[in-house]
Structure formats: C-alpha cells, structure tokens
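Novice: Line order of the protein sequences matches chains A and B.
First residue of the first sequence? That's 0 in numbering that gives the first Met the number 0, and the numbers climb one at a time after it.
First residue of the second sequence? That's 0 in numbering that gives the first Met the number 0, and the numbers climb one at a time after it.
Rather than coming from a laboratory, the hints here were simulated on the basis of the structure.
One or more of the hints may lead you astray.
Intra- or inter-copy, both count: the list cannot distinguish identical chains.
[What the hints assert, rightly or not] Calculated cross-link-like contacts (lysine-lysine; reagent style DSSO-like; alpha-carbon spacing at most 30 Å):
| # | residue 1 | residue 2 |
| --- | --- | --- |
| 1 | K77 | K243 |
| 2 | K146 | K249 |
| 3 | K73 | K90 |
| 4 | K198 | K69 |
| 5 | K150 | K243 |
| 6 | K146 | K90 |
| 7 | K69 | K243 |
| 8 | K73 | K243 |
| 9 | K73 | K248 |
| 10 | K248 | K150 |
| 11 | K198 | K16 |
| 12 | K69 | K143 |
| 13 | K135 | K150 |
| 14 | K248 | K135 |
| 15 | K242 | K150 |
| 16 | K198 | K73 |
Protein chains: 2
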Amino acid sequence: MAEVVSIIGLNRIGLVKPHDDVSQLIIDAARADQIEFMNHDVIVVSQKIVSKADGRLVDISTIRPSNRAKSIAKRTNKDARVIELILRDSKEIIRADRVALVVRTRNGFVCLNAGLDKSNVQGQTVYARLPNNPDKSAAIIKAKIEKSTGKEVAVIIADTYSRPNRVGQVEYTIGLAGLEPIIDYRGQADIFGYCLHYKYVALADEIAAAAELVMGQGNEQIPAAIIRGLTRMQPTNSPGLSKKLLLGKKRDIFYSIT
Amino acid sequence: MAEVVSIIGLNRIGLVKPHDDVSQLIIDAARADQIEFMNHDVIVVSQKIVSKADGRLVDISTIRPSNRAKSIAKRTNKDARVIELILRDSKEIIRADRVALVVRTRNGFVCLNAGLDKSNVQGQTVYARLPNNPDKSAAIIKAKIEKSTGKEVAVIIADTYSRPNRVGQVEYTIGLAGLEPIIDYRGQADIFGYCLHYKYVALADEIAAAAELVMGQGNEQIPAAIIRGLTRMQPTNSPGLSKKLLLGKKRDIFYSIT
Numbered sequence: 000m001a002e003v004v005s006i007i008g009l010n011r012i013g014l015v016k017p018h019d020d021v022s023q024l025i026i027d028a029a030r031a032d033q034i035e036f037m038n039h040d041v042i043v044v045s046q047k048i049v050s051k052a053d054g055r056l057v058d059i060s061t062i063r064p065s066n067r068a069k070s071i072a073k074r075t076n077k078d079a080r081v082i083e084l085i086l087r088d089s090k091e092i093i094r095a096d097r098v099a100l101v102v103r104t105r106n107g108f109v110c111l112n113a114g115l116d117k118s119n120v121q122g123q124t125v126y127a128r129l130p131n132n133p134d135k136s137a138a139i140i141k142a143k144i145e146k147s148t149g150k151e152v153a154v155i156i157a158d159t160y161s162r163p164n165r166v167g168q169v170e171y172t173i174g175l176a177g178l179e180p181i182i183d184y185r186g187q188a189d190i191f192g193y194c195l196h197y198k199y200v201a202l203a204d205e206i207a208a209a210a211e212l213v214m215g216q217g218n219e220q221i222p223a224a225i226i227r228g229l230t231r232m233q234p235t236n237s238p239g240l241s242k243k244l245l246l247g248k249k250r251d252i253f254y255s256i257t
Numbered sequence: 000m001a002e003v004v005s006i007i008g009l010n011r012i013g014l015v016k017p018h019d020d021v022s023q024l025i026i027d028a029a030r031a032d033q034i035e036f037m038n039h040d041v042i043v044v045s046q047k048i049v050s051k052a053d054g055r056l057v058d059i060s061t062i063r064p065s066n067r068a069k070s071i072a073k074r075t076n077k078d079a080r081v082i083e084l085i086l087r088d089s090k091e092i093i094r095a096d097r098v099a100l101v102v103r104t105r106n107g108f109v110c111l112n113a114g115l116d117k118s119n120v121q122g123q124t125v126y127a128r129l130p131n132n133p134d135k136s137a138a139i140i141k142a143k144i145e146k147s148t149g150k151e152v153a154v155i156i157a158d159t160y161s162r163p164n165r166v167g168q169v170e171y172t173i174g175l176a177g178l179e180p181i182i183d184y185r186g187q188a189d190i191f192g193y194c195l196h197y198k199y200v201a202l203a204d205e206i207a208a209a210a211e212l213v214m215g216q217g218n219e220q221i222p223a224a225i226i227r228g229l230t231r232m233q234p235t236n237s238p239g240l241s242k243k244l245l246l247g248k249k250r251d252i253f254y255s256i257t
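With the sequences and hints as input, model every part of the structure.
Specialist: Structural data, given as structure tokens:
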C-alpha cells in the first residue's frame, strides 16, 4: 500500500481582523467543508493571519522614527518609520543598503526587513509585524483546537523566506507547537547497513513548504492548511521549539562565503 | 470545497542498480499499488536512484587523486580520492577546511561535497556522484512515463540540501522537466488590491520538500513520490529549467554576510 500525505487547504477562513480568534476561524472553516480533525494532523497557519489576530498590525503614520532609523532609512532608501518598526523587531543588522535590509530578528530569524510586510494588509500605511512570540501563538492555537475537537494536533506558523544561494522564496517555520521540528537520522543504518552520519532533516520547514502547495501567496485567501497522514512526526509538548531550527553564525558552515 | 494536494509514496521500487530504467521502475511500482498516473502529476525522484541508474556510482579505489586533490584532502582531513571526485564535479571551491567543503558544482549548485554521497550506496568504497545533467535525466524519465501512460506529467529530481541560517536539511530540486520552477506573483494584486512586489515562489523546491514527507531519508526505501492535485503548476517543455533556481553571487542579497 502506498503511503499518502494529504495537504488540505482551508479556504473558508475569510478576512481576519485584529484580535480575531484564529483557532475558532480554523475550526469553523474545517467544519464548513465537512473536514473532521484527526489525531496527529499538523495545521499550518500563515504568519499574516496570526500577526493580524495577535494585534501586530501597525499604521506607520503613528510611528516616530529614532535617529538611528533615520540614518538607516537614508542608507537603504526606505521610509524611516518602516525602518523604526524593523529595528524594534531586530537584534542585529546584517546588511543595510539600497539592495536589501537583512537582519537577525529578536526571535533569531535571519530574514529581510524583520519579516515586516505590506501584502494582504488593509490600509495604505498599515504593515504587519511578525508575531511577538510565534511559538507561543502556535501553542495557543493548538490548545484551543484540541479543546474544541478532542484531537491531538500540531501547529506550525509559516512565513515566506528569501534564501541564500537559490532564486525564489519558500515557506519556512517561524513558530510551532506539538511536533519535533527536526528528524535526526544520525546513527541509524541505511539500506546497506551503512551508518548515516549527516541526515538531520528540518521536517517543520518541509511541512511549511508543503502547505504552500495549496495556500498560495496572492489573493487565493487560503491562509491555513491541514497536513494529514504524516507518519514521521514525533509529538512533543516542549515549548520554544522554533529555537531548534536556528543556526548561529558559529555553527553555520556557509558563513565563510564572502 | 477544500483544495487537496496528495503526496503519494512509491514504496515498491526496490533496490536500483546501475543502468536500471528508473522510469520503468516508477511505472511498475505505481501499477503494483494500483495507482494510475494522471495529467499534471509531478513525480519527484530521489537523486540517489537517478545517480545509480545514470551510472554515477564510483569506487574510489579506482581513483588516482591529483596533487590539488591531495592538498585539499590535507586541509579538509578527507580522503584524497573523495576530494578528487568532488573536484571533478565542481567549478568553484567556496570553503575548504576541517569543518566543511562547500563548492559550486559544474551545474551551479552551492552545496557540500559537490553532492557526493555515501548513504544508501552498496560497497565500502563506492560513492554516488550527482547526475551529470539532472535536467536531462528528468526529461528522459518524463518522456518515458508519458509514452507509457499517455499522461502529461512533470518530473523533479530532488537532493538533500544543508542550508545557510537554518538547522537541518531540506530536499531541493537539482533537475526538473515539465513545470516552471518559479511562480511569479509580482505585479499581481493581493486581497486588498495592493500590488505584490516581491512574491516570487520557488515552487519546485517546495514540491521537493513536500515529497520528503513520504520519502524519508533512511532505510524507508521510498525513493519516489507522486504529487497530485497541484493547481498552481505551469507546464512547460523548456529544457534546462533548474538554471532558473540558481542565484549567482551578484544577485544574492545574503552574500554580504561574513
């Protein structure tokens, strides 16, 4: 029998407003399509709707930029108020020029503009910041869905990621609850009994990428998906799981690329 | 109605030997599980079985390392014959020390050890090199499956990729035929009519990552999967599609990271 994993798009969530309850929207959207949750379903939710629900929309017309933000705004040719918001969510600036503003966020992600994003946000001057604590947001959504459905699920919050070395963006995991983000094959035998030394798979990032095959990026309005039938996932109740996906400079073998 | 994409693992392919016909093995494995191919199925095949079928297994006991290989072997503390094979498949060495050997392959991929790999290869001294021309290998598999089944499919050859910035590996695309690897949303409107400036999605890499949710990495022996129900794919007959995923240094916004 073939092993099958299904990616089920939830397209009845509709527009999410500040302080909406994302878990309830997901439960209702599944019900509207007669989808029953099952144990070990992984629910992937787009960062954008979590940011909205978490009250992370900011109108930049309310922002007074610092002198540092003004200086970086000049260097990068961006709006100083936008830079101010990016700085508030960053702990390190990695590149700042007219080509790109690459930072390490307070949560440790190396990404463009600290994830600050204008797309699919209403209002000319309104931007969405990343959730303040994406693992916690994921844990809250997980707990509410479990309480309502009686099923044990996992939740991944996915965002769009521009990568080194490769053209185009992929979805990746910024927060998760309920599953180990990494599968460690090291020390296991391959099909010829050879010990695997390097296989250490970023399962959570692969799930986030898979979800986008139904979620899309434009006006599709499919901001969540259920990944069903994943036999390889390892449930866990540990908090702060996204930290396991963060590679500091010292351990990063690509860091000597210049 | 929910949009559903299915990832179907083909677990009856068995062991692949040098010069086996991968397309026939895939057709037979699908038939054994009573899976009929459908138009627009994307078939993801692991690099390892394509390398085997393409005759890219090499016994390093037959290799005489060059002086350059010997010198790099010393710096990296690796077998000079292994280095020799890596050099033959590389056009640029990016990092070579005891931590890692990162190269740009002749086909343009930035990766560890030019993709040379020992896992799931029989024989203590036998290694698998990447396919010589992965796009061409994908095109051949595609053509044979289409001829045999009468369906229009796409083929992606996926390999394991250690990434900058993030812990763990993900599958990515080293060769493909039959679908555009990138979806370009730039210039399209979002749900509020805001023009998307940056969305440029590496669909092929997301499909490769999704396939691993059933394929695994150890001794699961599921070296191929069918991705079915993908509404966003754009068929094409262009050759050399993997080039569209390659980001040279000049365009790589992360390249100033040091």
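Novice: All the hints need checking, so say for each whether the structure fits it.
Specialist: Against the structure, the hints:
In this homomeric assembly, K77 and K243 come within 30 Å of each other (Cα to Cα) only across copies, at 29 Å, whereas the closest approach inside a single copy is 33 Å. Taking identical chains as interchangeable, the C-alpha atoms of K146 and K249 are never at most 30 Å apart, the minima being 41 Å within one chain and 51 Å between chains. In this homomeric assembly, K73 and K90 come within 30 Å of each other (Cα to Cα) only inside a single copy, at 20 Å, whereas the closest approach across copies is 39 Å. For the identical chains of this complex, K198 and K69 are inter-copy neighbours only, at 27 Å across copies versus 45 Å inside a copy, given an alpha-carbon limit of 30 Å.
Taking the shortest alpha-carbon separations for K150 and K243, only the intra-copy value of 25 Å comes in at or below 30 Å, while the best inter-copy value is 42 Å. Neither within a single protomer nor between protomers do K146 and K90 lie at most 30 Å apart by alpha-carbon distance, with minima of 36 Å and 56 Å respectively. For the homomeric pair K69 and K243, neither the shortest alpha-carbon distance inside one copy (34 Å) nor that between copies (37 Å) is at most 30 Å. Proximity of K73 to K243 under the C-alpha cut-off of 30 Å is found in neither arrangement, the shortest distances being 36 Å within a copy and 33 Å between copies.
When the C-alpha separation of K73 and K248 is checked against a cutoff of 30 Å, the pair qualifies both within a copy, at 28 Å, and between copies, at 25 Å. Proximity of K248 and K150 under a CA criterion of 30 Å is satisfied in neither setting, with 39 Å inside one chain copy and 47 Å between copies. For a Cα distance limit of 30 Å, the shortest separation of K198 from K16 across copies, 23 Å, qualifies, whereas the shortest one inside one copy, 41 Å, does not. When the C-alpha separation of K69 and K143 is checked against a cutoff of 30 Å, the pair qualifies neither within a copy, at 42 Å, nor between copies, at 60 Å.
Proximity of K135 and K150 under a CA criterion of 30 Å is satisfied intra-copy only: 19 Å inside one chain copy versus 46 Å between copies. Taking identical chains as interchangeable, the C-alpha atoms of K248 and K135 lie at most 30 Å apart only when both belong to the same chain, with a minimum of 25 Å there against 37 Å between chains. Proximity of K242 and K150 under a CA criterion of 30 Å is satisfied intra-copy only: 26 Å inside one chain copy versus 44 Å between copies. Taking the shortest Cα distances, K198 and K73 sit within 30 Å of each other only across copies (25 Å), while inside one copy they are farther apart (44 Å).
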